[in-house]
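Peer 1: Start from chain A and add chain B according to the hints.
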Amino acid sequence: MATFKTTLDDNPLTITIIPSSDALLDGSNKVLITIYNEDEPKKWRKIQVEEPRSKKFTADIVKIRLVKRPLIKIRTNFIVDNVSLKEQIAKVTTVAYQLDDTTNTENYVSIYDEGFDLGASDDETFSVTQRIEVSFI
Amino acid sequence: MLRIQLLILVLLSSAIIYGQEKASINDFNFESVTNPAFTLMGESPSEVNTPDDTKSLALYISNGFSNTNIALEINPYWFIDFEGERSYEKYRGIKVNPDKSYKIDPFIGWKTNSSFSLGYLNKKFVGFDEEKKVFAIGFRTTMLKLYNKTRVEKLRKAIEIVDKGVQQPLNELFEYYFNAEGTNFPGWGSCTEINNDKDLQDKFHQLAQDFLERIFDEQDPDDPDDFAIKCKEVLEKSGRENMTKEEVVSEYFEERCNNIETFVNNPKTIKPIFRLDGAIGYSHLFKENEINSSTASRFGSWFTADVAIRFNDRNYLNIYAIGKYLDDEFNINNNGEYFKEIFWDIGGKLELELNRIKLSYEYLKRSGFDNQYRSVGNLTFQINEKMSFTGGFGRDFPIVDNLVTLLGINWGLDMGEKSFSK
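Same order as they appear, the protein sequences are chains A and B.
One point on numbering: in our numbering, the residue at position 54 of the first sequence is 54, and numbering is uninterrupted.
One point on numbering: in our numbering, the residue at position 155 of the second sequence is 155, and numbering is uninterrupted.
Excised from the complex, chain B in its bound form:
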């Protein structure tokens, strides 16, 4: 048995090391501790989790490096070289019906949102006198996602608008110009900053100035500039020969930003109306904190169902239900003897997403133990893309020593790689 467990450990470690060879520091995130390995150990702030868009690698730390409580999660999707071309539609499971309407593959999460995790920590479990070294492995996936026609139609329209791009002739030509000059199309970040960020404004005003100068440059009869001639025709046709660089930029940004707004909020707008996630975990505790010592194990498997009620593109009420099976040997009696408990945790969670704030309350009841329940409230505030603040308070399952308190800042890493410094 021990050999099999060690083999699993070696294989998972090898997969992670292989992944790291292709990864950079920006692939890691420190944003949560929701992977199954940590959830099984009771290290997650919430027992109810439905992660979106898992990256290739995630590094999780619980209570800091000093306690060596650490977990790694790997999503194999990003390391598999699928035969055939990748596409946005394949990634999001979008299929086109014969009548051109869309449908979304309800099982796409198995392919794109599955992950393996490996955790190691020192923890003083309830009833124990000292910390024990524990390792855990886990797997989770999104088993089912169902969308209603309204949300699929909204997605179809968003894709169609981005696909067509800017339609005003001068906007299309200005976009062509600055792209040919080496500037990427603006995304939502630029859209929100263009009126406040002086450097960004100056950059696009300069591009617009150069664009207008090229249009009105004197033409060489032996080497005519078809692009400039076309632009001049468009300006003359619309009577805009005196157009300013500021007008070029503002008109372009207005159309561009309207086009992409719905699409770049897609994780919200295409949220399934019903979703079912599954996870499984197995952990090992070394009784004497030695590799050769006898061990105890904990096995768990749980399903999480999520019904999302949409208020608007940014605000949702999520209603979760969870059923969790545990086969737990991490128990010790007054004589220092280990014993096993088997039970189910059944419960739910209400989560209100209001722009950057997420408020939630979860309640789980443990079967066979009348007085054991978990009742925890959480608040998360997204400070920016890289940082969020989380606080939680409540009661955990044990009869004694059951206070849950959580206060912390989660952060992502951005080491300013060259690829981001354009």
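Pulled out of the complex, with its shape left as it was, chain A reads as follows:
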């Protein structure tokens, strides 16, 4: 799991997500961000995601919220128009993530098979999930 090191201060942690895929971004929850604790994963909290321009998503997290829930899960949802192309398209799909706390910036890129969920073979949908642990120094 990727780790982002930061200090606990008032600066917000800004996350930027840029998907690149021949599939269409799916639905009203195209990109979904939750924060959670490893011991209580079902008690996740929702993070508001904005789309300032087409296919670019951003979210701000107040760092204090990450003390209790230091794991960030970013899930991006896709849909293809021809189910026989799903795996093919998933293989060339990438999602780029950037975490920025004004003093430190880290970039991550999805890797096929790590966090890719192709779901049922007769569904046109698939998703890419990136987990990042925030470590306070």
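Hint data in this document are derived by calculation from the structure and do not stem from the laboratory.
Hints may contain errors.
[Said to hold, decoys possible] Have a look at the derived ranges for each label pair, beta carbon to beta carbon:
| hint | chain 1 | residue 1 | chain 2 | residue 2 | range |
| --- | --- | --- | --- | --- | --- |
| 1 | A | D60 | B | L350 | 29 to 39 Å |
| 2 | A | N11 | B | E218 | 27 to 37 Å |
| 3 | A | K43 | B | L359 | 51 to 61 Å |
| 4 | B | E233 | A | T102 | 27 to 37 Å |
| 5 | A | D60 | B | D105 | 32 to 42 Å |
| 6 | B | N258 | A | S135 | 40 to 50 Å |
| 7 | A | N37 | B | E213 | 18 to 28 Å |
| 8 | B | D105 | A | E40 | 45 to 55 Å |
| 9 | A | R131 | B | A321 | 46 to 56 Å |
| 10 | B | E218 | A | S54 | 19 to 29 Å |
| 11 | B | I309 | A | S54 | 52 to 62 Å |
| 12 | B | R395 | A | A96 | 56 to 66 Å |
[Claimed, not checked] Here are the computed lysine to aspartate or glutamate pairs in the DMTMM-like style, where the Cα-Cα straight-line distance is at most 25 Å:
| hint | chain 1 | residue 1 | chain 2 | residue 2 |
| --- | --- | --- | --- | --- |
| 13 | A | K55 | B | D163 |
| 14 | B | K164 | A | D117 |
| 15 | B | K157 | A | E51 |
| 16 | A | K46 | B | E181 |
| 17 | B | K232 | A | E40 |
| 18 | B | K123 | B | E329 |
| 19 | B | K157 | A | E50 |
| 20 | A | K55 | B | E251 |
| 21 | A | K43 | B | E246 |
| 22 | A | K43 | A | D117 |
| 23 | A | K46 | B | D99 |
| 24 | A | K91 | B | D163 |
| 25 | A | K43 | B | E241 |
| 26 | A | K42 | B | E213 |
| 27 | A | K46 | B | E255 |
| 28 | A | K55 | B | E290 |
| 29 | A | K55 | B | D81 |
| 30 | B | K100 | A | E50 |
| 31 | B | K164 | A | E51 |
| 32 | A | K42 | A | D122 |
| 33 | A | K46 | B | E251 |
| 34 | A | K42 | B | E241 |
| 35 | B | K203 | A | D60 |
| 36 | B | K133 | B | E337 |
| 37 | B | K230 | A | E40 |
| 38 | B | K95 | A | E51 |
| 39 | A | K68 | B | D52 |
| 40 | A | K91 | B | D52 |
Keep in mind the model is a prediction, meaning the values are calculated, not measured.
We put the CB at the ideal spot given by N, CA and C, even for glycine.
Peer 2: Structure of chain B alone, referenced to chain A:
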């Protein structure tokens, strides 16, 4: 000349081997024998083909492995790392006009639907006493696709609906919940199975049960659950506090499935009103079946035009026209001497697509040979996503030994990879 041909063979093989390093068994399909390498050899059930959405790699087998008749087809699009971001719109050639209306790039097929093929087979050609070893290379592409305003507008609406997603507040929240819990959005497969598949029903009913329990869980004042609070407000506002898990699931699926139905049938709904495909092939025959023996060649190039008349989203009548040029040295006279023929095949095909059934009839006339024509009827039944049944009957070009019969099942491979086993 031989060196150049061997170089082409090595380059194409290298490209295919490179492709295989990135491929899995699911990239291959065994669904047809329509690639130009096999078409040039007369191994395709139909001379008139307009393939859609070619994958990175396709493996074709004619009459089984035992005859070592085999061809590989590769679509370079999937191996090129295009600069800039990929998008659905770029892949389908969709461009947005200043007035927000859509247009579709008529030449997008050159980029996304072009392929190279390489074939090798043992075949007893007409007039020959024995089988000959032959290899062939080919290239095909969709040269032109034209859409009318009605079909482009239908596509725009389908994309817009999927883009907006479910709009009912509780549906949107339930979708958020099960997605956060690790379940993908349902596609058309789940939509068609949700009322019949008990496991799928149980899975979503359990998710809905957990969703409702989370909404009505007692709140910790020091750690309030904004998501649950929001859901509770929505339920109370609509007077649905007693909503059951079954109602949550059925209402969500109703809206979701209505949203995606048009989009996931897109290969049909955005079918161009006119389409032009082109192919070129070159093959080599070893006269003595030895690598050092002298050779004969066959060159062909053909264009296929398709006018699609739409009855509804699933049913079309396709009218094809084909013009095919052949420079053919695969001919032998009674003295065992090879000779060349140059000719054009001109003809057409009618194809009726009715849900899972495809009925077609094709007729081609060979120029300069009064009695030579091809007249073949085909029937294909799609049994499921992976399997189809094909039958054909008719007459091929030669005056003698010209019966065309075809009966078989085409299948795809799914080795149950981890990625599909969620």
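Peer 1: Now tell me if each hint is right for this structure.
Peer 2: Going down the list of hints, with the structure as the test:
{"no.": "1", "hint": "A:D60 / B:L350: 29 to 39 Å", "result": "violated (60 Å)"}
{"no.": "2", "hint": "A:N11 / B:E218: 27 to 37 Å", "result": "holds (34 Å)"}
{"no.": "3", "hint": "A:K43 / B:L359: 51 to 61 Å", "result": "holds (58 Å)"}
{"no.": "4", "hint": "B:E233 / A:T102: 27 to 37 Å", "result": "holds (34 Å)"}
{"no.": "5", "hint": "A:D60 / B:D105: 32 to 42 Å", "result": "holds (38 Å)"}
{"no.": "6", "hint": "B:N258 / A:S135: 40 to 50 Å", "result": "holds (45 Å)"}
{"no.": "7", "hint": "A:N37 / B:E213: 18 to 28 Å", "result": "holds (19 Å)"}
{"no.": "8", "hint": "B:D105 / A:E40: 45 to 55 Å", "result": "holds (50 Å)"}
{"no.": "9", "hint": "A:R131 / B:A321: 46 to 56 Å", "result": "holds (55 Å)"}
{"no.": "10", "hint": "B:E218 / A:S54: 19 to 29 Å", "result": "violated (42 Å)"}
{"no.": "11", "hint": "B:I309 / A:S54: 52 to 62 Å", "result": "violated (35 Å)"}
{"no.": "12", "hint": "B:R395 / A:A96: 56 to 66 Å", "result": "holds (58 Å)"}
{"no.": "13", "hint": "A:K55 / B:D163", "result": "holds (11 Å)"}
{"no.": "14", "hint": "B:K164 / A:D117", "result": "holds (22 Å)"}
{"no.": "15", "hint": "B:K157 / A:E51", "result": "holds (21 Å)"}
{"no.": "16", "hint": "A:K46 / B:E181", "result": "holds (12 Å)"}
{"no.": "17", "hint": "B:K232 / A:E40", "result": "holds (22 Å)"}
{"no.": "18", "hint": "B:K123 / B:E329", "result": "holds (15 Å)"}
{"no.": "19", "hint": "B:K157 / A:E50", "result": "holds (23 Å)"}
{"no.": "20", "hint": "A:K55 / B:E251", "result": "violated (29 Å)"}
{"no.": "21", "hint": "A:K43 / B:E246", "result": "holds (24 Å)"}
{"no.": "22", "hint": "A:K43 / A:D117", "result": "holds (22 Å)"}
{"no.": "23", "hint": "A:K46 / B:D99", "result": "violated (36 Å)"}
{"no.": "24", "hint": "A:K91 / B:D163", "result": "holds (22 Å)"}
{"no.": "25", "hint": "A:K43 / B:E241", "result": "holds (22 Å)"}
{"no.": "26", "hint": "A:K42 / B:E213", "result": "holds (12 Å)"}
{"no.": "27", "hint": "A:K46 / B:E255", "result": "holds (23 Å)"}
{"no.": "28", "hint": "A:K55 / B:E290", "result": "violated (57 Å)"}
{"no.": "29", "hint": "A:K55 / B:D81", "result": "holds (19 Å)"}
{"no.": "30", "hint": "B:K100 / A:E50", "result": "holds (22 Å)"}
{"no.": "31", "hint": "B:K164 / A:E51", "result": "holds (13 Å)"}
{"no.": "32", "hint": "A:K42 / A:D122", "result": "violated (28 Å)"}
{"no.": "33", "hint": "A:K46 / B:E251", "result": "holds (23 Å)"}
{"no.": "34", "hint": "A:K42 / B:E241", "result": "holds (22 Å)"}
{"no.": "35", "hint": "B:K203 / A:D60", "result": "violated (33 Å)"}
{"no.": "36", "hint": "B:K133 / B:E337", "result": "holds (17 Å)"}
{"no.": "37", "hint": "B:K230 / A:E40", "result": "holds (21 Å)"}
{"no.": "38", "hint": "B:K95 / A:E51", "result": "holds (20 Å)"}
{"no.": "39", "hint": "A:K68 / B:D52", "result": "violated (51 Å)"}
{"no.": "40", "hint": "A:K91 / B:D52", "result": "holds (19 Å)"}
In summary, the numbered hints that this structure violates are 1, 10, 11, 20, 23, 28, 32, 35 and 39.
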